[in-house]
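Protein sequences appear in the order of chains H and X. To convert, note that position 20 of the first sequence is 38 in my numbering; the numbers rise steadily by one, no gaps. To convert, note that position 119 of the second sequence is 120 in my numbering; the numbers rise steadily by one, no gaps.
Be aware that a few hints might be false.
[Unchecked claim] Okay, the calculated bits of chain H under chain X, using three or more residues with CB under 8 Å as the criterion: (1) 24 to 31; (2) 45 to 59; (3) 62 to 76; (4) 120 to 133.
[To be verified] Here are some of the chain H residues that sit facing chain X, going by a computed Cβ distance under 7 Å: (5) His-20; (6) Ala-35; (7) Ala-39; (8) Pro-102; (9) Pro-103; (10) Leu-104.
[As the list claims (entries may be wrong)] Cβ-Cβ distance ranges computed for the label pairs, FRET-style: (11) H:Arg-84 x X:Gly-82: 45 to 55 Å; (12) X:Ala-180 x H:Gln-92: 14 to 24 Å; (13) X:Gly-82 x H:Gln-115: 41 to 51 Å; (14) H:Ala-38 x X:Gly-42: 37 to 47 Å; (15) H:Pro-103 x X:Asp-191: 17 to 27 Å; (16) X:Arg-55 x H:Leu-68: 40 to 50 Å; (17) X:Gln-14 x H:Ile-82: 11 to 21 Å; (18) H:Pro-86 x X:Pro-41: 28 to 38 Å; (19) X:Arg-55 x H:Arg-99: 41 to 51 Å; (20) H:Cys-105 x X:Gly-42: 26 to 36 Å; (21) X:Val-192 x H:Arg-123: 13 to 23 Å; (22) H:Thr-93 x X:Arg-61: 43 to 53 Å; (23) H:Cys-94 x X:Pro-193: 27 to 37 Å.
No wet-lab data here; the hints were simulated from the structure. Just so you know, even glycine gets a beta-carbon here, dropped at the ideal spot from N, CA and C.
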Amino acid sequence: MHELAITQGILSVVLEAAEAARARRVLAIDLIVGALTGYVDDSIRFYFDLLSQGTPAEGAILRIRREPGQGHCQTCGATFRVEPPLCPTCPFCDSPQIQITGGARCFVERIEVDDEDEHTGSEGDPPGE
Amino acid sequence: MRMSIPVVKAILQANEAVASENRAAFDAADLLAVNLMSSPGAGKTSLILATIERLPASLRAGVIEGDIASTLDAERIAAHGIPVVQINTGGACHLDAPMIRSALPHLPLETLDVLFIENVGNLVCPAEFDLGAHLNIVIASVPEGHDKPYKYPGMFQKADGIVLNKADLMDVLEFDLEAFQHGVEILRPDVPLFIVSCRTGHGLEAWTEWLFEQHRLRRKRYER
Numbered sequence: 019m020h021e022l023a024i025t026q027g028i029l030s031v032v033l034e035a036a037e038a039a040r041a042r043r044v045l046a047i048d049l050i051v052g053a054l055t056g057y058v059d060d061s062i063r064f065y066f067d068l069l070s071q072g073t074p075a076e077g078a079i080l081r082i083r084r085e086p087g088q089g090h091c092q093t094c095g096a097t098f099r100v101e102p103p104l105c106p107t108c109p110f111c112d113s114p115q116i117q118i119t120g121g122a123r124c125f126v127e128r129i130e131v132d133d134e135d136e137h138t139g140s141e142g143d144p145p146g147e
Numbered sequence: 002m003r004m005s006i007p008v009v010k011a012i013l014q015a016n017e018a019v020a021s022e023n024r025a026a027f028d029a030a031d032l033l034a035v036n037l038m039s040s041p042g043a044g045k046t047s048l049i050l051a052t053i054e055r056l057p058a059s060l061r062a063g064v065i066e067g068d069i070a071s072t073l074d075a076e077r078i079a080a081h082g083i084p085v086v087q088i089n090t091g092g093a094c095h096l097d098a099p100m101i102r103s104a105l106p107h108l109p110l111e112t113l114d115v116l117f118i119e120n121v122g123n124l125v126c127p128a129e130f131d132l133g134a135h136l137n138i139v140i141a142s143v144p145e146g147h148d149k150p151y152k153y154p155g156m157f158q159k160a161d162g163i164v165l166n167k168a169d170l171m172d173v174l175e176f177d178l179e180a181f182q183h184g185v186e187i188l189r190p191d192v193p194l195f196i197v198s199c200r201t202g203h204g205l206e207a208w209t210e211w212l213f214e215q216h217r218l219r220r221k222r223y224e225r
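Bound-form chain X, shown alone (with noise of 0.2 Å):
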C-alpha cells in the first residue's frame, strides 16, 4: 500500500548531536570557541595569528586548523609556539562536528582560554555545519570584490561578526565599500563589521577588543 510520511528530524541531526557536545566541552574548559570562515586566502591564518599577538598576555590561545590536504597553516601557527591541531579533511570542502570533536583530546583545553577553528576555505559549504564554536565569524577580503554578500548570502546569514580584511587594497582595488557594507545590513542588521588590515595592523585593535569582550562575556555567564 502506498503511504505518505511526514519527517521531522533534521538531515544533519547527526553534525548537530556532536555539535552540542563541542560546545559542552568548551563551556567546562571556560573557553571561547571562534569558527573562521572564509574564501581560500582571505586570511584567516593571518588573522588568527594578528589576533593572538594582540590579546591580552594573561589570554592562552590554541588553533584547529582545517585543511584539505596541507599542513602549511598549521606550521606557520606552531612556529608562534600556540597549542595547533591540524584536521585533514582529506578533500571535504568542510569541518564537520566529528572532526573538532576527534582533535579535541590533542589540545590542552582546560589551559585555553580562546579557541580559533580555521574552517577550510570556502564560501558556501562549512555555513552549513555547525561546530559547536560560540561565534561564527566570515571573513571576507577586499580582493574578492565588494559583491560578496550579494552572492553568498547562505554563509552572512550565519555570521556573528564580520571582518572584511585586506583594506589597504581598497583604494587600489576600487573596492565599493559602501555596496559590500550594504550587503552585510541586508542579511545582517546586528552584527559588527571590522575593517581591517592584517598586513598594516589597521583596525585589528578594535576587532581584538570586541572579541576580548565576548570572552569576558562568557566568563561572567560561568561565574553566575
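The following block holds chain H by itself, in its conformation from the complex (with noise of 0.2 Å):
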C-alpha cells in the first residue's frame, strides 16, 4: 500500500531529472529496491503506470533491480546475502552469531531519455557527434 508513495517519490525525482536535462521523454527508469523494505515490485509497477500517464514518463521501462541484505558470521568469517523471512543461522557453519545489515534502500539510479524534440533534435550541433 505504502508502495503508491514511495512510486509517487520515484516519479517526482525521474520527472526532476528528466527536466534538468530538458528531456523530451523517459524510456528506462533503473530503480534499486532493497529486499528488506518490504516493496512489491508489481505494487510499484502497478501505481507507476498509472501515476506517469500524461507525464513525458508515460510507456518508460522500470527496471527493478533487488538489493539483497548482507549477512555477516562472526563464527566463521562467512558473507552471505539475506531476503526476509531471514534465517537465524550462518548458512554455512549454523552459527547463530551472525548480523544482518543493508537491504534497506530504495532508490533510482539512472533514468535513459530522449534529449531534444524530434525535430530539433537534428538541427543543433549535439556535443560528442
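Fit chain to chain and form the complex, with the hints in mind.
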C-alpha cells in the first residue's frame, strides 16, 4: 500500500531529472529496491503506470533491481545474501552469531531519456557527435 | 538522442525535508518526540496511557493519534485529560512528515515535555517515513508470534528501542522468547528490548525509566 507514496517519490525525482536534462521523454528507469524494505515490485509497476500517464515518463520501462541484505557470520567470517524471512543462523556453519545489515535502500539509480524534441534534435550540433 | 543520466535525489526527499522541520520544531519546544510503530492491536494506545501514568508528574505529555479512519484511540487518550490531536490518514497505511506538521499547531508544544506519535498499525509502511521524531520505537506483542523480526526486518532495522507487549500471555501461547530476542539481536544488537505487559504492569518501570532518561539526555544537550 505504501508503494503509492514511494512511487509518487520515484516519479517526482525521475521527472525532475528529466526536466533538468531537457528531455522530451523518459525511456527507462533503473530502480534499486532493497529486499528488506518489503516493497512489492508489481505494486510499484502498477502505481507507476497509473501515475505516469500524461507525463514524459509515460510508457518508460521500469527496470527494478533487488538489492539483498547482507549477512555476516562472526564465527566463520562468511558473508551471505539475505531476504525475508531471515534465517536465524549462518547458512555455512550454522552459527547463530550473525549480523544483518543493508537491504533497506530504495532509490532511482539512472534514467534513460530522449534529450531533444524529434525535430530540433538533428538541427543543433550535439556534443560528442 | 538517447541519453543516460544518473539520479542523485532521494525518492522521499520531500518527506525528509518536512521531517527536519518537524524535528526543529520539537527541539525549539524542548520536547522529546517518540514515534510508536507496530501491527494493529499490539498495544500502542495502551502503552502510551500506561507510560504517561508512570512518567514523573512534572513531565507533561501530548499525543498525536494516527488512524486510518476512526477517532476511538484519540477518545481513549482524551478521556485522561491528555492533549491529543487525531490525524485520519483517509486510507493511507502510514503517517508522513507533512501530516505531523499539520497537526502541530493544534498542540500546546511549548508546555509539553514528551510527544507520543501513534503511527498507523502496520509493520511495513511506517518504517519508510521519517516523521522528525527523536526516537522510533517498535512494539511487538506476544500473540503476533516470535517470528516478526525475521519476517519484517525493515521495521526492526529502524528501531531505537523495542517493546514486547502482552508478556503475560507468553506461557499460554508458547512464545519462543529466545528466538524473538535473537531476531532482534541480529538486526539491532545495541537496541534495548523491553518485555512488558500493559495489562499487569510488568516491565513498564524499566521502559518508562529509559524513556525518562532519553528525555533527560536531550534536555542536557539543549542546556549545553
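Results for each hint:
Counting residues of the segment 24 to 31 of chain H whose CB lies closer than 8 Å to any CB of chain X gives 5, so the stated coverage by that chain holds, three being the minimum. Coverage of the segment 45 to 59 of chain H by chain X holds. Counting CB-CB distances below 8 Å, 5 residues qualify, and the rule asks for three or more. Counting residues of the segment 62 to 76 of chain H whose CB falls under 8 Å from any CB of chain X gives 0; the rule of at least 3 is not met. Check result for the segment 120 to 133 of chain H against chain X: holds, 12 residues qualifying (beta carbon to beta carbon below 8 Å, three or more required).
For H:His-20, the shortest C-beta to C-beta distance to chain X is roughly 3 Å, which falls under 7 Å, so the interface hint holds. Hint status for H:Ala-35: holds, given a least beta-carbon distance of 5 Å to chain X, under 7 Å. The interface hint given for H:Ala-39 is met, as the beta carbon of that residue sits about 5 Å from the closest beta carbon of chain X, less than 7 Å. Restraint check, H:Pro-102 versus chain X: the minimum CB separation of about 6 Å is within 7 Å; hint holds.
Here the hint on H:Pro-103 is kept, as its CB sits about 5 Å from the closest CB of chain X, short of 7 Å. The restraint placing H:Leu-104 at the interface with chain X holds, with a minimum CB-CB distance near 4 Å, inside the 7 Å limit. Checked against the hint of 45 to 55 Å, the pair H:Arg-84 and X:Gly-82 passes, with Cβ atoms roughly 49 Å apart. Between X:Ala-180 and H:Gln-92 the CB atoms are about 19 Å apart, so this pair conforms to the stated range of 14 to 24 Å.
One distance hint, 41 to 51 Å for the beta-carbon pair X:Gly-82 and H:Gln-115, holds here, with the actual separation near 49 Å. The hinted window of 37 to 47 Å between H:Ala-38 and X:Gly-42 holds, with their beta carbons roughly 46 Å apart. A hinted range of 17 to 27 Å for the beta carbons of H:Pro-103 and X:Asp-191 is consistent with their spacing of about 23 Å. In this structure, X:Arg-55 and H:Leu-68 meet the distance hint of 40 to 50 Å, their C-beta atoms being roughly 47 Å apart.
Judged by the Cβ atoms, the range 11 to 21 Å given for X:Gln-14 and H:Ile-82 holds: they are separated by roughly 20 Å. Checking the proposed 28 to 38 Å range against H:Pro-86 and X:Pro-41 shows it holds: the Cβ atoms sit about 29 Å from each other. The hint said 41 to 51 Å for the Cβ distance between X:Arg-55 and H:Arg-99, and at roughly 43 Å that hint holds. For the pair H:Cys-105 and X:Gly-42, the supplied restraint of 26 to 36 Å holds, since their beta-carbon distance comes to about 28 Å.
At roughly 20 Å, the beta carbons of X:Val-192 and H:Arg-123 sit within the given window of 13 to 23 Å. Remark: the range hint 43 to 53 Å for H:Thr-93 to X:Arg-61 is upheld by a beta-carbon distance near 49 Å. The given range of 27 to 37 Å is respected by H:Cys-94 and X:Pro-193, whose C-beta atoms sit roughly 29 Å from each other.
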